[in-house]
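Student: Okay, here's what each chain looks like letter by letter:
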Amino acid sequence: MTLLTVLFAAVIVTAVWYNRADDDMQIVTLMYLYWGASLMWFVDAIYEYAELGTAFFEATAEDMLNDAFLGLAAIALGLVIWIVRLLITDPKGKIKTALSRK
Amino acid sequence: MACFTAPVVEAVVVGVIEKAEAKKEMQVTNQATENHRITKVPLSRKLKWLTGMLWGGSALLAFEHVWHGEITMWFPFLTAMSDPADTAEMLHEIATVGVTMALLITAVWGVMCVCADLILKRKEKEEPAV
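Protein chains in written order, with my numbering: chain L, 1 to 102; chain F, 1 to 130.
Keep in mind that the hints were calculated from the coordinates and are not lab data.
Mixed in with the good hints there might be a few duds.
[Stated by the list, open to error] Derived, one-sided and incomplete: chain L residues facing chain F with beta-carbon distance under 10 Å: (1) Leu4; (2) Phe8; (3) Val16; (4) Tyr18; (5) Tyr49.
[To be verified] Derived DEER-like restraints, expressed as beta-carbon distance ranges: (6) L:Glu51 with F:Trp67: 14 to 22 Å; (7) L:Phe57 with F:Pro42: 39 to 47 Å; (8) L:Ala55 with F:Trp74: 32 to 40 Å; (9) F:Pro84 with L:Thr97: 25 to 33 Å; (10) F:Phe75 with L:Tyr18: 42 to 50 Å; (11) L:Asp90 with F:Met112: 35 to 43 Å; (12) L:Asp90 with F:Leu91: 21 to 29 Å; (13) F:Val66 with L:Gly53: 26 to 34 Å.
None of these values were measured; they are calculated from a predicted model.
For every residue, glycine included, the Cβ atom is placed at its ideal position computed from N, Cα and C.
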C-alpha cells in the first residue's frame, strides 16, 4: 500500500512536470524523491513476495490502513523537503525581494 | 532494517564523481566554439539524476525506518545494532535488499540515459543545424 501510494504521487508529479513550460518550481525534486522511493519499495515488495508467496497479497485491513498512512506521511515529508528546498534556492527571487523590501 | 544505507553509499560516491565531472565539463565548455551545439546530455547532468533518485529514495526509506522504530535519535542509531543476532540480520539485509535497490535504481537510470540521448538525436534529425 505504501508503494502504491507513493507510486501514484510519482506519476502525478511527473505529469505535472511534463505539462509545465519550465521547472521554476523545481518539481524535479519531487520526482527524484517519489521515483527513488517507489523503486526502493518495489524491491522491498519483491523480497517480501519471495518470502511470503501469495500471502503477500492477503494483508489485513489494519495492515493496509497502517501502510496507507505511512505512504501519505512519506508524501507529506516529500512535499516538506521540496518546499524547504524551493524556498532556500529561491529560483524566482521572491524571498530575496521580500527580504530587501523596506 | 537499514537497507537504505547501500543506496546512500552509492549516492555519496556518485555525488563526488558528478562534481569532478561537472568541473571537467566546465573547462571543456569554456574552450568550445560559439557554434557548439549540444547533441548529447552531459554526463554530469545524467549523474545528477542518479544522485537525485538515490538521495530522494533513501530519505523517504529512512523515514519509513523511523516510522517502524528501527532508527533512533541516540547511539547506535539503528536498533538492530544493539544485538549481535539482529546486527547480522541487518547486514544480510543491506547486502541483499539494499544492494538490489541500488542496482535497480542504477539500471533505471541507465535506461533513462539511453532514452535521453535517443530523444536528443531524434530532435536533431527533425531540426537539422543551419
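Student: Check the structure against each numbered hint from earlier and tell me which ones fail, lowest number first.
Tutor: Of the numbered hints given earlier, those the structure breaks are 1, 2, 3, 4, 5, 9, 11, 12, listed in rising order.
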